[in-house]
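If you want the building blocks of each chain, they are given just below.
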Amino acid sequence: MTDERQPLYEARHIDKNYGSVVALSDVSVSLYPGEVLGLVGDNGAGKSTLVKVLSGVHNPDKGELFLDGTERHWKSPHDTIEAGVETLYQDSGLAPDLTIGSNVFLGREKPKPGLLGKLGFLAQKEMETEALADLERVGITVPPSKRTVSQLSGGQRQAVAIGRAIAWARKVIILDEPTNHLGARQAIEVLSVIQAAKEQGLGVIFISHTLPHVLQITDRVVVLRLGKVVRDAPTSEFDAESLLGTITGLLETT
Amino acid sequence: MAMSSVTEQPAPPATSPAGRPASMLRSVLSNQNVLLVVALAILVGYFYSRDSVFISTSEIAVLLTNFSTLILLAVGETYVIISGGIDLSVGATCGFAGVVGAFAMRGMVSSHDSEALVLIVGTLVCAAVGIGIGLVNAALMNWARLVPFVATLATLGAASGLALVLSGGVPIGSDSSALGIGADRAGPFPYMFLVVFAIVVICWLYLQLSGYGRYNYAIGSNAFAARAAGINVRRHLTSVYVLSGLLAGLTGMVFYIRLGAGAPTSGDGFELIAIAAVVIGGVSLFGVSGRLTGTILGALILTVVTSGLIISNVSPNWNQVAVAICIAAAASLQALRVLGRRQS
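Each protein sequence line maps, in turn, to chains Y and Z. All residue numbers for the first sequence refer to the numbering used here, where the first residue is 4 and numbers rise by one. All residue numbers for the second sequence refer to the numbering used here, where the first residue is 198 and numbers rise by one.
Simulated from the structure, these hints should not be mistaken for lab results.
Just some of the chain Z residues that point at chain Y, by a computed CB distance under 10 Å:
#: 1; residue: Leu402
#: 2; residue: Leu406
#: 3; residue: Gly410
#: 4; residue: Arg411
#: 5; residue: Tyr412
#: 6; residue: Tyr414
#: 7; residue: Ala415
#: 8; residue: Ser418
#: 9; residue: Phe421
#: 10; residue: Ala423
#: 11; residue: Gly427
#: 12; residue: Ile428
#: 13; residue: Asn429
Just so you have them, the derived chain Z footprint on chain Y, three or more residues with Cβ under 8 Å:
#: 14; segment: 70 to 84
#: 15; segment: 93 to 101
#: 16; segment: 108 to 118
#: 17; segment: 124 to 136
Note that CB positions come from ideal geometry on N, CA and C, so glycine has one too.
Working from the sequences, and respecting the hints, build out all of it.
Quick look at the structure:
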């Protein structure tokens, strides 16, 4: 697919091996502002590895990453966060023993004003209140409480994780299986939160096994199989059957 | 934009404080610190009834001096355990630092340098030795990829062995003025205890209220999430083992002041007593849960029990058994509480 605009975030010819296991081979993906890009593939297709390369957890063995047209070499997730790229990792994004507020502000804690702040002390109450406001701003309401994340239900936890990513993102949001663990109604709500983020001009990468969600929310779909991109096309060119066929390889792509 | 709610149900009302005395009682009883204070009061009462000298100014001063030899190790261990690790090397570090510090101070003592200068130099040397061992621990974990248990087990052996080699197995130095300073006190409070306690308070504030402490809990809770949130996990863990080593080194100096010499075996076995204090204080060995106030109470209970047994003329050989009973009682209480919380 050709597009005149400059991609917001782009990966070119990415290779990534774990020892002798080839996880990604010559993978190129581009994401445009205000676009929701679906990333699908069977287990072991390389989706989570690609997420970790895009979010700075892993360095690619080969290939380049461009954010806003500038080549980037991420040293750690810290760098991507600084650059405005937020990531929701599958199942492991939150510290379960910390409160909602501590999780939302994890890694960017607000210091207390004045000398105490300079000495490293935190404005905890302020963070707890602001966290709830930030989550509400992106469409997620959680009960105000000092409870730890581990005391929330699976759906609430996922909501906090998604809310945190969207509340902080300035450019790109990468969501790895955001509708996992969610009931039907909650999943719909998450999709509307993603829609709202897209309308603000953010680029969203949406990874999911739930193909109806992919067909519903994405503008374009990239299909990975065994570490390679086998199809990159507008969502309108797929239906449930052809998407599944492309993922499994039963439907030969041209 | 429409506000959608991803909560499954309206928030359950927070447990109403008044109208439900039963639940209030339960929440008080489920607070480890409350239980520890009660246990402490019972123990003190019991030993006082055995011999009223137990609550005398001089006896409290002895107790607080003993407490000073344990609490810094336990504080360091609390940081380490909450971050998801363990530090077995603190007791050996303490003995090794004491010996090295004693060698540094010996010449100064014999040439009659001022007491204050001697102690400052000794403290700095002990601190440096502790920091060094902390760095070795971190290097073994970061570069040699050892798990904390194995890395600190190795430094335990190395440090206690080196302490014996260096000292030839005998206490180094004979510093009567240090002994005198160790005995100086304001009422029942030895000055040394007050210094140690100030360090404990600072460590407590930083663990519970600062960004550094927050990272410590976050890493223990989910190291990947911490890293994904941009925290430099490796650097933080390095600093935690350095802190633990530093506090162990300072404990070496505490022992020096108390004994007037650097004894190579002064900290032997203290790593386990420190871990015991942490466990009794309610910190899970799997990291994350628990607070430093619990450790302080745990260390206090262990000190009271061991001192109390001595006062009651029980053979010191029973000490370890008493410590064991404290650990088992506290840990099973904690397990029962967790079970109860799951069932409710």
